[in-house]
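Engineer: Use these hints to put chain Y onto chain U, whose structure you have.
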Amino acid sequence: MTDKKKIEIDRVFQALGDPSRRAMLERLSLGPMSVSRLAEPFQMTLAAVVQHLQVLEEAGLVATEKTGRVRSCRIESAGLNLAGEWLKARRPEWDRKLDRLGDLLAEPEDEQSQL
Amino acid sequence: MKTMEEQAVVHNTFVIERAYPVPPERVFAAFSDPAKKRRWSADGESKQIESYDMDFRVGGKEHYASGFKDGHPLAGRTLKSENMYRNIVPNRRIIFTSTMALEEKCFSISLGTVELLPSEKGTDLILTFQSAFLEGADGPEMRQAGWRGLLEKLAGELAR
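Those protein sequence lines, which keep their order, are chains U and Y. Going left to right, the first sequence walks through residues 12 to 126 as the working numbering numbers them. Going left to right, the second sequence walks through residues 3 to 162 as the working numbering numbers them.
Extracted from the complex, chain U is given alone in its bound form (with noise of 0.2 Å):
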């Protein structure tokens, strides 16, 4: 793996190892938002949700942009691809339904149709 490439891993978790910043990218997840509108659940100042955005945003996971006075954010998620993670999901739901059919079938067959 390349420097620079450890490097964004490096920030991604970073960014990512802190509760305000990941409680930021899921009010984000609702669709992009005014600085001003994500901060407002915040027990912080807007300073320090600006400082967090920047954290976020050179991690790669949120972008922002300027529009008149008013600075947007919205969330950057090219490498957390959540329908993906969802399907991926199944096969363990699959799995522990497979376990208890083994438990079901383990039960005596008189058993297995009580409710």
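Please note that a few of the clues may not be correct.
Claimed, not checked - Over 10 Å on every C-beta distance to chain Y, these chain U residues come out as not near it, computed from the model: (1) L27; (2) S40; (3) L57; (4) T75; (5) L93.
As the list claims (entries may be wrong) - Listed next, the in silico BS3-like pairs over lysine-lysine satisfying Cα-Cα at most 27 Å (straight line): (6) U:K108 - Y:K155; (7) Y:K123 - U:K99; (8) U:K77 - Y:K107; (9) Y:K155 - U:K77.
Hint data in this document are derived by calculation from the structure and do not stem from the laboratory. In this text, a Cβ means the ideal position worked out from N, Cα and C, and glycines have one as well.
Structural biologist: Leaving out everything else, chain Y in the frame of chain U:
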């Protein structure tokens, strides 16, 4: 913003194999009898089951609706699963199509194949599951739920 025509589709396929120490007839019965099927496929997941019914024949359907716990981003929403049986060979094979929807809005469509092979020890089961996920059809709340789940997983990893 993407138009309807530009919405991407995400695909995923997996195969799971299991061995059960009972004959194929017993395994098949656990798929064809609604009382048994419900016990292992619907009950036991953490979501609350709101309704369940099954009509096991080619062209017949299995429906179930489930809710989400309080505090979940999808709390108050209903996840509806509908499976339609397309091919049944008694004690050997079941092929079904499956949709998942939040209320009436379908966001995922799948094809499932269950094969039961007699073996010395009982039955080998092979499940092949192929899914298409309609990007954007899941809506903002499900996206948020997905993000929350991902971030929690990441938080768990970072805490090690």
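Engineer: For every hint, state whether the structure bears it out.
Structural biologist: Hints, verified against the model:
no.: 1; hint: L27; in the structure: violated (6 Å)
no.: 2; hint: S40; in the structure: violated (4 Å)
no.: 3; hint: L57; in the structure: holds (23 Å)
no.: 4; hint: T75; in the structure: holds (18 Å)
no.: 5; hint: L93; in the structure: violated (4 Å)
no.: 6; hint: U:K108 - Y:K155; in the structure: holds (22 Å)
no.: 7; hint: Y:K123 - U:K99; in the structure: violated (30 Å)
no.: 8; hint: U:K77 - Y:K107; in the structure: violated (35 Å)
no.: 9; hint: Y:K155 - U:K77; in the structure: violated (33 Å)
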